[in-house]
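First to last, the sequence lines map onto chains E and F.
Quick note: the first sequence, position 40, residue 42 per this note's numbering, numbers continuous.
Quick note: the second sequence, position 104, residue 108 per this note's numbering, numbers continuous.
Source of the hints: derived by calculation from the structure; they are not laboratory data.
These figures come from a predicted structure and were not determined experimentally.
Note that the Cβ used here is the ideal one computed from N, Cα and C, for glycine as well.
Where hints are given, some of them may not hold.
Distance windows between CB atoms, simulated [unchecked claim]:
| id | chain 1 | residue 1 | chain 2 | residue 2 | range |
| --- | --- | --- | --- | --- | --- |
| 1 | E | G87 | F | G45 | 15 to 25 Å |
| 2 | E | E70 | F | T34 | 47 to 57 Å |
| 3 | F | Q75 | E | P10 | 38 to 48 Å |
| 4 | E | E80 | F | R73 | 39 to 49 Å |
| 5 | F | S84 | E | N20 | 43 to 53 Å |
| 6 | E | N9 | F | I64 | 19 to 29 Å |
| 7 | E | K59 | F | R73 | 42 to 52 Å |
| 8 | F | S18 | E | E54 | 42 to 52 Å |
| 9 | F | R81 | E | K73 | 39 to 49 Å |
| 10 | F | D58 | E | R83 | 44 to 54 Å |
| 11 | E | D65 | F | S56 | 38 to 48 Å |
Stretches of chain E that chain F covers, calculated by requiring three or more beta carbons in the stretch to come under 8 Å of a beta carbon on chain F [claimed, not checked]:
| id | stretch |
| --- | --- |
| 12 | 38-48 |
| 13 | 104-110 |
Sample of chain F residues facing chain E (criterion: CB under 7 Å; computed from the structure) [as the list claims (entries may be wrong)]:
| id | residue |
| --- | --- |
| 14 | L48 |
| 15 | K53 |
| 16 | F55 |
| 17 | D101 |
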Amino acid sequence: DTGVSQNPRHKITKRGQNVTFRCDPISEHNRLYWYRQTLGQGPEFLTYFQNEAQLEKSRLLSDRFSAERPKGSFSTLEIQRTEQGDSAMYLCASSPDRGRTPLHFGNGTRLTVT
Amino acid sequence: AQSVTQPDIHITVSEGASLELRCNYSYGATPYLFWYVQSPGQGLQLLLKYFSGDTLVQGIKGFEAEFKRSQSSFNLRKPSVHWSDAAEYFCAVGNNDMRFGAGTRLTVKP
């Protein structure tokens, strides 16, 4: 169990640029989640995959955000035309596809939009 | 809709003192409840979880939590706090779309 891996750890970008983050879940975990966390707040649910299928998307996930998990393994989260309000920590989590199991979180990608 | 409230934004305790962090939830069915801890710049680490059964659950690092359905609460406790426990603590409810509280920041005084 190597844990959930997220890259990059930090990303600084200028407003209007596109950014992409990657998440590698624990290898046997079928479920993968993206959360966003701003300073002083708890993580907010963005979206959830079971294998390659994106099963749920939060209303927080605007049209500028897109997430993929093409082969049911790693996932990418892309933000187009970034805005300063997108600055946050983006957390990925995974869990096995069997009943009641907690989420295992990665260390996150911190995005700063200048 | 499910939601979580952590009434205390920041708590300071002395090392060796007991600790209780409050969590209240709103959930339509039998809740799955969790406590996570987050150190600065890090992801979230699971402390303990409640799915069913015994309402007093034990976790890692000497933490425990008690599920009280009548009060819709799932408070986290530790009998004696260590300096290394200083961190942000999050209560969460749900399963596929887990919802988190805003967190309680714990400061430990020497």
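Holds or violated: the hint that F:D101 contacts chain E, with Cβ atoms closer than 7 Å.
holds (5 Å)
Would the hint on F:F55 be counted as holding, given a Cβ-Cβ threshold of 7 Å to chain E?
Holds, because the Cβ-Cβ distance from F:F55 to chain E comes to roughly 5 Å (cut-off 7 Å).
Does the CB of F:K53 sit less than 7 Å away from some CB of chain E?
holds (5 Å)
Are there three or more residues in the stretch 38-48 of chain E whose C-beta lies within less than 8 Å of some C-beta in chain F?
holds (count 6)
Regarding F:Q75 and E:P10, is the given constraint of 38 to 48 Å on their beta-carbon distance met?
holds (43 Å)
Tell me if the beta carbons of E:N9 and F:I64 are separated by a distance inside 19 to 29 Å.
holds (27 Å)
Go check the stretch 104-110 of chain E versus chain F for me, would you? Three or more residues, Cβ under 8 Å, otherwise it fails.
holds (count 7)
F:S18 versus E:E54 beta-carbon gap, inside 42 to 52 Å or not
holds (51 Å)
Go ahead and decide if the range 39 to 49 Å is satisfied by the Cβ distance of F:R81 to E:K73.
This hint holds: roughly 43 Å between Cβ atoms.
Taking 44 to 54 Å as the hint, is the beta-carbon distance of F:D58 and E:R83 inside that range?
This hint holds: roughly 50 Å between Cβ atoms.
Using 7 Å as the Cβ threshold, decide whether F:L48 counts as touching chain E.
holds (4 Å)
Check the following: the C-beta atoms of E:D65 and F:S56 are separated by a distance inside 38 to 48 Å.
holds (40 Å)
Consistency with the previously given hints fails for numbers 2, 7, ordered from lowest to highest.
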